[in-house]
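S.K.: In order, the protein sequence lines correspond to chains Z and W.
Under the working numbering, think of the first position of the first sequence as -15, with each following residue one higher.
Under the working numbering, think of the first position of the second sequence as 67, with each following residue one higher.
Wrong hints could be hidden among the right ones.
[Claimed, not checked] Heads up, simulated PhoX-like pairs for lysine-lysine below, C-alpha to C-alpha not over 20 Å straight-line:
{"hint": "1", "chain 1": "Z", "residue 1": "Lys1", "chain 2": "W", "residue 2": "Lys170"}
{"hint": "2", "chain 1": "Z", "residue 1": "Lys41", "chain 2": "Z", "residue 2": "Lys100"}
{"hint": "3", "chain 1": "W", "residue 1": "Lys92", "chain 2": "Z", "residue 2": "Lys100"}
{"hint": "4", "chain 1": "W", "residue 1": "Lys170", "chain 2": "W", "residue 2": "Lys129"}
{"hint": "5", "chain 1": "Z", "residue 1": "Lys54", "chain 2": "Z", "residue 2": "Lys41"}
{"hint": "6", "chain 1": "Z", "residue 1": "Lys1", "chain 2": "Z", "residue 2": "Lys54"}
The set of hints was computed from the structure by calculation and includes no laboratory data.
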Amino acid sequence: MYNHMVVHKKNDQKADKLFHALSDTTRRSIVTRCLQGDHTVSELARSYPMSFAAVQKHVAVLERAELVTKHRRGREQLVSGNVQSIRCAFDVLEQFEELWRGRIERMDQILTQHPKQGATK
Amino acid sequence: MTVIDVSKDYEARTLTFFAEFSAPIKRVWQLWEDPRQLERWWGPPTWPATFTEHELFEGGTMKYYMTGPEGDQSRGWWRVIAVDPPNSLEFENGFADETGAPVKDSPAMNMLVTLSEGTSGVTRMVVQSSYPTKAFMDKVMEMRMEEGMKGALSQIDDLL
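Excised from the complex, chain W in its bound form (with noise of 0.2 Å):
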């Protein structure tokens, strides 16, 4: 059984999912190392994402799209910040334009994967999510740290 949880740190605009899998720390490895695995859980059902480019190495790239039900395309990168497997991935990952070279002035957000394998082949991943400092994350954050914001929307709220 899978328990996830999230835990988010707005002053460090960063989201960490907590995850542990019952399978050994190879295994789960082989979730993000193999494009063929990767593909099938990277994108939601209704946009398959398909590697074209899986390079797990130090300043590697990886390229990929997903498919939307209507057949549009949304094209993203990696860019492998650090490797050590089985135990942790760094990248970051951004949007592409339709030639998969990344889109200017559009926020990256920085990813550092960590497994560690505990008793009983249970496998912990956390993944933690964060956003550079100007990147819309931090405007979110402002936007909500303003009460009368939130007093306008909580009025919507009780209109709806």
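Isolated chain Z, as found in the complex (with noise of 0.2 Å):
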């Protein structure tokens, strides 16, 4: 899990892009559509039931979120999907449950170490 406890805050501010950048169904389709092989946007605007305008404005969010990449190929902007954000929003879990594991562990060593109430020093 991006670990929301241990991840610097500037971390933090980039998975609150990543995360309401995914809120939005279109969002996560196109992303899912490019992280399969690149496309332009116009590509993209023609799948979408809304305007060229309203896609590259989805677009944009998730090139701000980093969860795409856009270059250019002659006269097209073409956008491909950016494996390791979508990667991070993944591990946000699995990070939470091993800071979790260490918590446990740290506890049961301190129990160990110290069987009796108030014993710690």
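Taking the hints as your guide, dock the two standalone chains into a single complex.
M.R.: Rendered as structure tokens:
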């Protein structure tokens, strides 16, 4: 999990952007498509019942969250999915689980070393 | 020996951890009650925690910071919802800014800790952590359910 406790605040803001970007069905669908292969904005626009400008806006949100990257091919803008960011989103939960496993292990260590009440020093 | 188990309820956006300690319930409770003991396990070894405020009563506030290997700090807060020593503790846990105030729009988790003493001095601890409806766990789960996404990721796994 993007570790809610441990990761620096900069990452927190990054994660907020990430999850905001993924909170929309169209945007999730765009990311999915672009992970499977590059698409031009016009191709994407034809796939959704909305204006070119609306699709372009969605792509911009995804780009800011680093879920996709844009690059030029001739006169066209190609959109590619960013695998690293998607992974980051999935890792959030796993990191949280890892954090608590560690906490429980440390609790156990303290209890083993200092079994008596109050005797921790 | 500690037994650790985890259960995930994606529908309820809840992660539950089960642990058993070979110690009496009052001894386990101290790990939460005493800030000096709490900070010995709350942060990972590379991010030790320091609690600057520790009010273990209903409505009480906890403030802490964790210091990373490069000296950078991550701050957090708890708000105690309910406490019944040595049996249970419920609190919200979220991110704090440099002043220790909760970060706006950053989702807080709800944590429910329950301790119960079994036979032969074994204490069972259950930590249930749930995310508010709008929080990110929701989004992660929504994403996971999309077959296309799953397919894309497994393709990538095959490539790596």
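S.K.: Hint by hint, which ones does this structure get wrong, listed from lowest number up?
M.R.: 2
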